[in-house]
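Enquirer: The primary structure of each chain is shown beneath.
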Amino acid sequence: MSTRHPGLLRRLLTHRQGGAGLLLLLAILLLAAAGPLLWPGDPWEMAAPPMLWPGEDAANPLGSDVMGRDLLTGLVSGARVSLMVGLVSTLIAAVLGTLIGAVGGYHGGRIDAALMRLTELFQTVPTFVLAVVLVAVFRPSVATAVLAIGIVSWPATARLVRAQVLSLRGRDFILAAETYGMGTARLLWTQILPNALPPVIAISSLTIAHAIQTEAALAFLGLGDPNVMSWGTIIGGGREQLVEAWYVCGLSGIALVVTVLAFNLLGEGLNDCLNPHLRSQ
Amino acid sequence: MTMTLLEVSSLRTSFATRSGRLGILRDVSFAIARGETVALVGESGSGKSVTAASILRLVEAAGGRIDAGRVSFEGEDLLSLSPARLRALRGGRIGMIFQEPLSALNPVQRIGDQIAEAVRLHRPLSRRAAWGRAVELLSLVQIPAPGLRARDYPHQLSGGQRQRAMIAMALACDPALLIADEPTTALDVITQAQILSLLAELRDRLGMALLLITHDLGVVAGVADRIVVLYAGQVVEQGPVAEIFAAPAHPYTRGLLDAVRLDTLTPGTALPEIPGLVPPLDALPAGCAFAPRCGRADARCRSAAPPMPPGGARQAACFHPLPAPLPGGHAA
Amino acid sequence: MAGAGTLSAAPAARGGLPPLLRRLLQVVPVLFGIATLNFLILQLAPGDVVDVLAGEAGAATPETMAALRQSFGLDQPVWLQYLRYLGQLASLDLGHSYRLNLPVRALILTRLPPTLLLMVSALLLAIVLGSLAGILAARQVGGWLDTLLSGVTLLSYAVPTFWLGLMAIVLFSARLGWLPSGGMLTIGASHDGLALLQDLAAHLVLPAVTLSTFYLAVYARLVRSAMLELHGADFIRTARAKGAGEWRITLHHAFRNALLPMVTMAGYQAASLLSGAVLVETVFSWPGLGRLAYEAIRTRDLNLLLGILFFSSILVVIVNIAIDGVYRLVDPRVAPRARRA
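For the protein sequence lines, the chains are A, B and C, in the order given. With the numbering used here applied, the first sequence covers 370 to 650. With the numbering used here applied, the second sequence covers 1265 to 1596. With the numbering used here applied, the third sequence covers 7 to 347.
Mixed in with the good hints there might be a few duds.
Just so you have them, the derived chain C footprint on chain A, three or more residues with Cβ under 8 Å [claimed, not checked]:
hint, segment
1, 460-472
2, 476-485
3, 556-565
4, 581-591
Take a look, some chain C residues computed to stay more than 12 Å from chain A by CB distance [said to hold, decoys possible]:
hint, residue
5, 237
6, 299
7, 306
8, 340
The hints are simulated quantities; they were obtained by calculation from the structure and are not laboratory data. Ideal placement from N, C-alpha and C gives every residue a C-beta, glycine not left out.
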């Protein structure tokens, strides 16, 4: 019943999808980290003639947008925003979901029923519309985007953790801990959660992917942070000259697709590697 | 004056497994005459169901392959039939019913529609006429209020009624042969007896032959004319039921019969346990497959497989068959 | 086997009320929850409730603002305001859009039909084409179609709908000139009868296909695995033993049963489909609820936005009930009239 997987990285790398996802992700992380050093500059600054096509000028390898802003600088900035928003909002969702799922699954009864109703409510409301409302009401910024996405993304995790806790509850080692007189909070924290964690990690990778898509969609609708250049912002702006300079939308969309794909693949890999008993299916 | 209806000869069927092809049937031969009831008995894993599925070539869709042998039915070789001709025989001249009627019926279609489909696949009838035929068939298998039950879905019927509905479906086109693959195994004892007597009655009334696959000796005693004993994918003994019950020649058959009191045999009497295990099919001994469990086996049995003697009403594949019976028959 | 939809955890047939009514009653707590959520957002929003409702930046005159403060009862305790708000929503009064100077409910209802048209077309497209792809892929596992399908699925999970729509506009309307790039009807053209329908259909193609892509991939995967699972089912063997041909077995017996998981899935996805519609409508200027939401964002018409959130949640609940109904149709086992045998 150990949650340590000494060979997890190796297993992930030999897993076809997981390995591909991990490598893609490393490349994106590297670009996001090294980008500002390699291509310094403000992504909002006019650095070239407008609508310069990719490859036309070596100084702006990916060309420029309608306002003459360098696209590569913008894409690198977008990568940082996407990864940050994806990670932090997923962290919020994971904490919320784990808490709600664990408490409901452990306590059962009325508390569980109430929490399940809440979960169902959040699965009935069109989550993207809710995120839109939240960001619009509380003013667009990176912080509101992160919070809004976190708030709409926890139900899947909550359901998963609840199911895990329910199945763990009856196990001998939990009963033993209970008999020792271990308190509820301590029991949840030291005995149940560590064992329920692997699937949460796997689903979190998928949640990140979805969060990145949601952030891009919000920014595309004009609900992005006005001071931050994200992929959604670039696509939203590129829409104005969609036909003449479609590479602006095209390239930032490809960056988005590749990043989301990386997290999806990684999630598949983690799922297979962390739940070996499911692998035979 | 026996007219052979179905003749299975030297049938070999194998399945693909992770460790290569595994032969499930290793030379199975037997015949069924018109109107005759033959019981195919053996422990689970002996190849009974695969034999049944091989006759209609249903094994092919399940990942199996018929490697060699002949199955001739009314003079036609089933193994070389065109797909269209094969479909015409399936559910046409040969009907088949299965062990678990609930899962063998389509859960989302009405009983009547499923029977009517069997009719319309083989006969140019209108929907209405086929439905009428379905209701008629349901009353033939003695389901009360057949017009109403035809409108039910499988989950709304009892286990016995479902099996009756399966039988109705198999009888849709007046088959000359009905293959029943463990038709009573999933049912309770009382229902088992009812289904068996229904099968026997229908067989007599419609003059069809019946191939009864079972591991239930009570079923054999009550209904069958002849018995074919299967062990590890081979026929080890066959002959008229009365003769074999009175005096089994093969030690395996003897082992099966020894533990049950024949005079009190009723349906529901499962095959008795014989000491030892059925050898795994991928690790069969060199000689007779039964030798490791056989009290009469000697060096010859362990090195060479005993052949099935040709012809005759009674056959047993054994180097050391049991002696003929004492007058007075078999005593337990 | 429970019915479809997120709300089907309710106790099974208990007699008394007819199923539809009972189902509708289960909706009440959900609506109550959504209304509470809306109220919570209003309370937590910066500025007071009326600032938010009036759409900030002085869309309403100071007089209306004052009147609004009065009518909303801002001088009264929060719980009273809450009850008042619930009462308003209960009478389906979603308030006023001061930007557009129209009642929110009227605005939403005029935008509903295009959204429904888009959602239903996309769903049908996804179900029909997804089933077809799934069936064909399952017929030859590992074949070229199967490989193609798993690749397309992987991609479609990663491609954002709105970006796909933009690229479709670039390719199919700008480059190839095959289809119009936005709107629902050609502006200025006064078609009638068949020509009108044709015009509508031409405008519908790109948005509907864009919205359906993701679901198409999901359903294709689902049908593929359901078909493979059913391949070894006993009743499939029965159908074969009856003499049914392979296509008949595939469509009439296996696919009919593979529909069940797809219907369940469609129920789960009602909310996500609506979210997708918001983005697709924005991209294609499709005059539905989503486009209205986009306009509301642009003009910071927050009350309209809240109304859309409330109404679209109701829509999801209704779709879930409808899908439960469909499930009852395709799976006789959940019908309550089970006869004791």
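Enquirer: Run every hint past the structure and note whether it holds.
Expert: We went through each hint and held it up to the structure:
Counting residues of the segment 460-472 of chain A whose C-beta sits closer than 8 Å to any C-beta of chain C gives 0, which falls short of three, so the coverage hint is violated. Coverage of the segment 476-485 of chain A by chain C is violated [criterion: at least 3 residues with CB-CB distance below 8 Å; count 1]. Judged by the Cβ-Cβ criterion of 8 Å, the segment 556-565 of chain A is not covered by chain C as claimed, because only 0 of its residues qualify and three are needed. For the segment 581-591 of chain A, the assignment as covered by chain C holds, since 6 residues bring a beta-carbon within under 8 Å of that chain's beta-carbons and 3 suffice.
Distance to chain A confirms residue 237 of chain C as a non-interface residue, since its nearest Cβ pair spans about 15 Å, more than 12 Å. Distance to chain A contradicts residue 299 of chain C as a non-interface residue, since its nearest Cβ pair spans about 7 Å, not more than 12 Å. Non-interface status of residue 306 of chain C relative to chain A is broken: a Cβ of that chain comes within 12 Å, the nearest being about 7 Å off. Every beta carbon of chain A lies more than 12 Å from that of residue 340 of chain C, the smallest distance being close to 19 Å; the non-interface claim holds.
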